[in-house]
Amino acid sequence: MARLTRAQREWRPGMTKKPRSLKITLASSVLSLEAFVALFFTLNVLGLKRSEVSEVLILSGGAVLMALCIITCAFLRKPAGIVMGWIIQLLFILCGFVAWDMFYIGAAFAACWWYALHKGEQMDIENKRRAAEQAEWERNNPPVES
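Counted the way our numbering counts, the sequence shown spans residues 1 to 146.
I should point out that these hints are in silico values taken from the structure, not numbers from a laboratory. You can trust all of the hints, since none of them are fake.
In silico lysine-lysine, DSSO-like type, Cα no more than 30 Å apart, as pairs: (1) Lys119 with Lys18; (2) Lys78 with Lys17; (3) Lys128 with Lys17; (4) Lys128 with Lys78; (5) Lys128 with Lys18; (6) Lys119 with Lys17; (7) Lys18 with Lys78; (8) Lys78 with Lys119.
Estimated spans, in silico, between C-beta atoms of each pair: (9) Glu126 with Leu94: 32 to 38 Å; (10) Leu94 with Gly14: 50 to 56 Å; (11) Leu90 with Gly14: 44 to 50 Å; (12) Leu57 with Phe103: 19 to 25 Å; (13) Trp11 with Ser51: 55 to 61 Å; (14) Arg6 with Ile87: 28 to 34 Å; (15) Gln134 with Phe40: 41 to 47 Å; (16) Phe103 with Ala7: 41 to 47 Å; (17) Gly47 with Thr25: 33 to 39 Å; (18) Thr5 with Phe36: 26 to 32 Å; (19) Ala131 with Gly47: 48 to 54 Å; (20) Lys128 with Glu52: 50 to 56 Å.
Glycine is no exception: its CB is placed at the ideal position from the N, C-alpha and C atoms.
Could you build the full structure based on these sequences and the hints that come with them?
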């Protein structure tokens, strides 16, 4: 028999679904894409700097950067998660000292990160306003029973 999640067990008819935060969704998307970029960055450095630095150091550093991107997605609901995201943006820009293309790529992702946070917050506020207006309208206009 399949186990039900807590949300499924607590559901009752007439309950409304809790809205998801677009800010968190967009920020998670940026961090997930950055995990792929970290993978490709690691492969790039492995190919270019293999003779200068040990392979284990390159691969472990890339794995840590990828894991940091994915783990940060879990903390985005807390203010510390947003700070961790900004630190990741800084790390990506600083990776430019290893492969200079990362200066541009890191700056582009930092801009995407800022836009995801800024626009996501605006959209969340707009959705809350619309939900409040809809609830007010439904209170003032109850359904007509036939």
